[in-house]
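*Asks:* This is what each chain is made of:
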Amino acid sequence: MKKRLTIALFVGIPLIPLLTFWFIPMIVSVWLSSTDWDYISPDFSYVMLDNYKQVLTSSDFHQALWNTVFFGFWTVLPTVALGLGLALIVRKQMVGQTFFKGLLFTPWITPMVAVSIVWSWIYEPTIGLFNQILGFLHLPQPQWLTDPEYAMWAIIIVTIWKNAGWAMLFYLDALSKIPDELYQVGDLEGANAWHRLRHITLPLISPTTLFLVVLSAIDSIQAYDQIQVMTQGGPAGSTRTLLYLYYQLAFEQFNMGEATAVATLIVLLTALLAFILFFVSKRWVHY
Amino acid sequence: MNATKIEIEQLTKQYENAATPVIENLNMTIQEGEFIVIVGPSGCGKSTTMRMIAGIETITSGFLKIDGHIVNHLPAKDRDIAMVFQSYALYPHMTVFDNMAFGLKIRKHKKEVIQNKVHEAAELLGLMPYLKRKPKDLSGGQRQRVALGRAIVRNSPIFLMDEPLSNLDAKLRNQMRVELLNLHRSLKTTTIYVTHDQTEAMTMADRIIVLKDGQVQQIGTPEEIYRQPANLFVGTFLGSPQMNTMPITLKKRTVYLNEIAIAQLANDINSGRYQIGVRPEDWLIVETGIPLTITHTELLGADLHIHGNFEHHTIILRCDGKSTYTIGGVIHIMPKHLQLFNEQEQNIYVKLLGE
Ligand SMILES: Nc1ncnc2c1ncn2[C@@H]1O[C@H](COP(=O)(O)OP(=O)(O)OP(=O)(O)O)[C@@H](O)[C@H]1O
Ligand SMILES: [Mg+2]
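Those protein sequences? They're chains A and C, same order as listed. Residue 126 in my numbering is what sits at position 126 of the first sequence, and the numbering runs on without skipping anything. Residue 212 in my numbering is what sits at position 212 of the second sequence, and the numbering runs on without skipping anything.
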C-alpha cells in the first residue's frame, strides 16, 4: 500500500507540469482546430475538418511547407557538417584550443533575438559588414533581407552560424572517445585520411550525428526568433515557415481554427520526421 | 613473398613527460625469417619497441632499418607490417569478417581473394561460426583470435605479435601455438613475438630477447638463455619454478654455503663472496650435503616440486613425480650444475669439477 503511494507520488508530481503545459494545451489545440473561434469573442461554432481543408488547399500553406523543408534541409546538414569540420580542426591544434572552443560556442549561448538584431545590421545592403566584404571581393551585393531570392538564405546563414559551435562541442566529445589504437590499426592496415574518416571516424561518431540531426531538425521546425526579428516572414512570404504561418494566422489574423489546424499538422510532420529518422538511422548508426 | 631483415641501432624512446627513457640504446639484428620472442617484466618497454618498429610510435633517437633502409620516418602504412595489438584494437562497428578484411579491402584486393583469405584464417583460428558477429558479442579469447586473424590475412613480410595468446585457455593456447609455428614455417615471415608465457618463449623462439627497464639483458637461443643466463636477472626471470639463488663464499675453488662445502669449481676464480643460481632440476639427492627440511611438496603430474628450508634459505627442487617424501623430513642435496654471479650480478660462467 505504502509502495503504491510512493509510486503514485513519484510519477504523479512530474506529471502535473506535463499535463498542464503539454497534454492539456495539445488537446485543447486539436479541439480548437475543429472550431472557427476568432480568439476574442466568447462564442464559436464547430466546422469539423473545414479548417484542415482550407489550410491544406491554400497556397500560403504550400509555400510555408516548402519553406520549412528547404530551411530544415539547408540548416541541418550544414550545421552538422560544419560542426564536425570545426571539431576535426579544433582537435588537431594544441595551443588555444580552449579559446577557440569558447569562441565558437558563444553564438549558441547568445539569445537568438540579440543575434538576429546584430545580423540584421550585418545584412544591411549598403553599409553592412557582409556586403562590404562581398564588394571588396568584387562579388554581387544582394539586398539580403528584402529580396525574396536571398531572404531565406540570410535566415539560414544566421541559424547555421549560431548552431555550428554547439554541434562542434558534441562532436569534440565524441571524437575524444575514439581510442587512438583504432587509428593506429588503420595506419598499419594502410588507411589514408579518407579511409580513416569514412571507415573509422564517421561510423564511430554516428550516434552523435543522429542525435544532432534530430535536435537540429526539431530546432529548425521551431525556428521563430530570427524570422520575427529579421524578415517577419517576408518578403512575399519567402521566409514564412509553418510555425511562422501559425503565428500569423493566430495572432495577426486571429483565425484560431486554421492556426491550430496548422499546429496539428506541424506535430504530425515532426512525428513523421522522427519516424523516418528512426528507421533510416538503423542502417548507418552504430552503437 | 620475401622475408625481411630488421636492424635496430641505438634505438631510444623517451616520452615527452617522462624523466627517463622507456627504451635506451637498444641494439639488435633480426634475420630474415627469424622468430624472435621478447620477454621481460611488465612495463619494460616490449610494446613500445614493437610500436616503434610498426611506425605508430615516434623514435626519439637511433635507427630502425628494414632491409637495409632507414625507415625512422616512413609512415606506418608504407612499412607493410602486420601487428596484433595487446589490446586487440578491434573495430566495434564492424563484424568479425569486416574486421579481418579491413586491410585487404583498403588495399583494394578482389572480393573473392578477400573472402578466401578471411575464411582460411577464420578456419585456422576456429572463428568460422562468429564471422557475422560484432566484437562486443565475443568472448575475450575470441576477440584476441580476431585480432590475430586480421594480422594473418595481410601476408606481410613482418609480423609483430604483442601477447597474442594471453587470453586463451591452456588447451587452445597450445593448439594456437602449434598453428602459429606451422604458419611461420610455411610463410617464413620475420616475426617478433611478445609473451609472458615461459612455454611460448622457450618453444617458439629462434632467439629470445630479454628486456629489463628498456635495456637488453641478453639475446640468445632459448637454450643459451636458459643454460647460460648472462646475469642474475635473466637467470631468475626464465624458468619455472624459479632458479634458486643464494649467497656463498668461494675459497680456493670450493663453494661454501653456510660453512658446508657444496661444490668444487673446475675454473680458477678469485676467492670471495658471490651468489650462485641453481635450477630446481640441477639438484642431486645425496647421502651428505645440504640438509633440507621439507616444508611442502607439489605434484604436477610428471614432476614433483619439493620446497624446503636450510637455515634461512628456501630451496625448491624438482624430481620425479613417482617419488614420495614426508613433510618435515630431511633430505640431503648437492648442486650438479650452477651459475656463479659476481657483485655486479653478471654470470662468470663456471663449470663444476667433473661436469
Ligand atoms: N604514452 C605514454 N606516455 C608516457 N609513458 C608511457 C606511454 N606509453 C607507455 N609508457 C610507459 O612506457 C613503459 C613501457 O610500456 P610498454 O607498454 O612498452 O610496456 P610492456 O613491456 O609492453 O609491458 P606489458 O608487459 O605490461 O605489456 C611503461 O612504464 C609505461 O608506463
Ligand atoms: Mg605490452
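Hints were generated in silico from the structure; no laboratory data involved. Backbone N, C-alpha and C fix where the C-beta goes; we use that ideal spot for every residue, glycine too. Take these hints with a grain of salt, some might be off.
Unchecked claim - Here are the simulated PhoX-like cross-link-like pairs (lysine-lysine), alpha carbons at most 20 angstroms apart as the crow flies: (1) C/Lys117 / A/Lys282; (2) C/Lys134 / A/Lys177; (3) C/Lys136 / C/Lys251; (4) C/Lys111 / A/Lys282; (5) C/Lys111 / C/Lys136; (6) C/Lys77 / C/Lys5; (7) A/Lys282 / C/Lys134; (8) C/Lys65 / C/Lys5; (9) C/Lys188 / C/Lys212; (10) C/Lys251 / C/Lys322; (11) C/Lys171 / C/Lys188; (12) C/Lys351 / A/Lys177.
Unchecked claim - Cβ-to-Cβ under 8 angstroms is the rule here; a few derived chain A residues that face chain C: (13) Asp173; (14) Leu175; (15) Leu182; (16) Glu189; (17) Gly190; (18) Pro203; (19) Leu204.
Claimed, not checked - Restraint ranges, calculated between C-beta atoms of paired labels, are given here: (20) C/Leu172 / A/Leu103: 21 to 31 angstroms; (21) A/Tyr287 / C/Gly68: 39 to 49 angstroms; (22) C/Ser61 / A/Gln97: 43 to 53 angstroms; (23) C/Ile70 / A/Leu197: 50 to 60 angstroms; (24) A/Ile16 / C/Asp137: 56 to 66 angstroms; (25) C/Asp197 / A/Leu197: 47 to 57 angstroms; (26) A/Ile276 / C/Ser186: 51 to 61 angstroms; (27) A/Pro207 / C/Thr58: 27 to 37 angstroms; (28) A/Arg198 / C/Ser61: 35 to 45 angstroms; (29) A/Leu197 / C/Thr203: 37 to 47 angstroms; (30) A/Tyr287 / C/Asp197: 32 to 42 angstroms; (31) A/Leu197 / C/Glu343: 24 to 34 angstroms; (32) A/Thr98 / C/Ile106: 28 to 38 angstroms; (33) C/Gln14 / A/Gln97: 21 to 31 angstroms.
*Asks:* Would you mind marking each hint as holding or not holding in the structure?
*Replies:* Going through the hints against the structure:
{"no.": "1", "hint": "C/Lys117 / A/Lys282", "result": "violated (30 angstroms)"}
{"no.": "2", "hint": "C/Lys134 / A/Lys177", "result": "holds (19 angstroms)"}
{"no.": "3", "hint": "C/Lys136 / C/Lys251", "result": "violated (64 angstroms)"}
{"no.": "4", "hint": "C/Lys111 / A/Lys282", "result": "violated (26 angstroms)"}
{"no.": "5", "hint": "C/Lys111 / C/Lys136", "result": "violated (26 angstroms)"}
{"no.": "6", "hint": "C/Lys77 / C/Lys5", "result": "holds (18 angstroms)"}
{"no.": "7", "hint": "A/Lys282 / C/Lys134", "result": "holds (15 angstroms)"}
{"no.": "8", "hint": "C/Lys65 / C/Lys5", "result": "holds (8 angstroms)"}
{"no.": "9", "hint": "C/Lys188 / C/Lys212", "result": "violated (28 angstroms)"}
{"no.": "10", "hint": "C/Lys251 / C/Lys322", "result": "violated (38 angstroms)"}
{"no.": "11", "hint": "C/Lys171 / C/Lys188", "result": "violated (25 angstroms)"}
{"no.": "12", "hint": "C/Lys351 / A/Lys177", "result": "violated (59 angstroms)"}
{"no.": "13", "hint": "Asp173", "result": "violated (17 angstroms)"}
{"no.": "14", "hint": "Leu175", "result": "violated (15 angstroms)"}
{"no.": "15", "hint": "Leu182", "result": "holds (6 angstroms)"}
{"no.": "16", "hint": "Glu189", "result": "holds (3 angstroms)"}
{"no.": "17", "hint": "Gly190", "result": "holds (4 angstroms)"}
{"no.": "18", "hint": "Pro203", "result": "holds (4 angstroms)"}
{"no.": "19", "hint": "Leu204", "result": "holds (6 angstroms)"}
{"no.": "20", "hint": "C/Leu172 / A/Leu103: 21 to 31 angstroms", "result": "violated (55 angstroms)"}
{"no.": "21", "hint": "A/Tyr287 / C/Gly68: 39 to 49 angstroms", "result": "holds (48 angstroms)"}
{"no.": "22", "hint": "C/Ser61 / A/Gln97: 43 to 53 angstroms", "result": "violated (29 angstroms)"}
{"no.": "23", "hint": "C/Ile70 / A/Leu197: 50 to 60 angstroms", "result": "violated (31 angstroms)"}
{"no.": "24", "hint": "A/Ile16 / C/Asp137: 56 to 66 angstroms", "result": "violated (43 angstroms)"}
{"no.": "25", "hint": "C/Asp197 / A/Leu197: 47 to 57 angstroms", "result": "violated (39 angstroms)"}
{"no.": "26", "hint": "A/Ile276 / C/Ser186: 51 to 61 angstroms", "result": "holds (53 angstroms)"}
{"no.": "27", "hint": "A/Pro207 / C/Thr58: 27 to 37 angstroms", "result": "holds (32 angstroms)"}
{"no.": "28", "hint": "A/Arg198 / C/Ser61: 35 to 45 angstroms", "result": "holds (36 angstroms)"}
{"no.": "29", "hint": "A/Leu197 / C/Thr203: 37 to 47 angstroms", "result": "holds (43 angstroms)"}
{"no.": "30", "hint": "A/Tyr287 / C/Asp197: 32 to 42 angstroms", "result": "holds (36 angstroms)"}
{"no.": "31", "hint": "A/Leu197 / C/Glu343: 24 to 34 angstroms", "result": "violated (59 angstroms)"}
{"no.": "32", "hint": "A/Thr98 / C/Ile106: 28 to 38 angstroms", "result": "holds (35 angstroms)"}
{"no.": "33", "hint": "C/Gln14 / A/Gln97: 21 to 31 angstroms", "result": "holds (25 angstroms)"}
Comparing the model with each numbered hint stated earlier shows that hints 1, 3, 4, 5, 9, 10, 11, 12, 13, 14, 20, 22, 23, 24, 25 and 31 do not hold.
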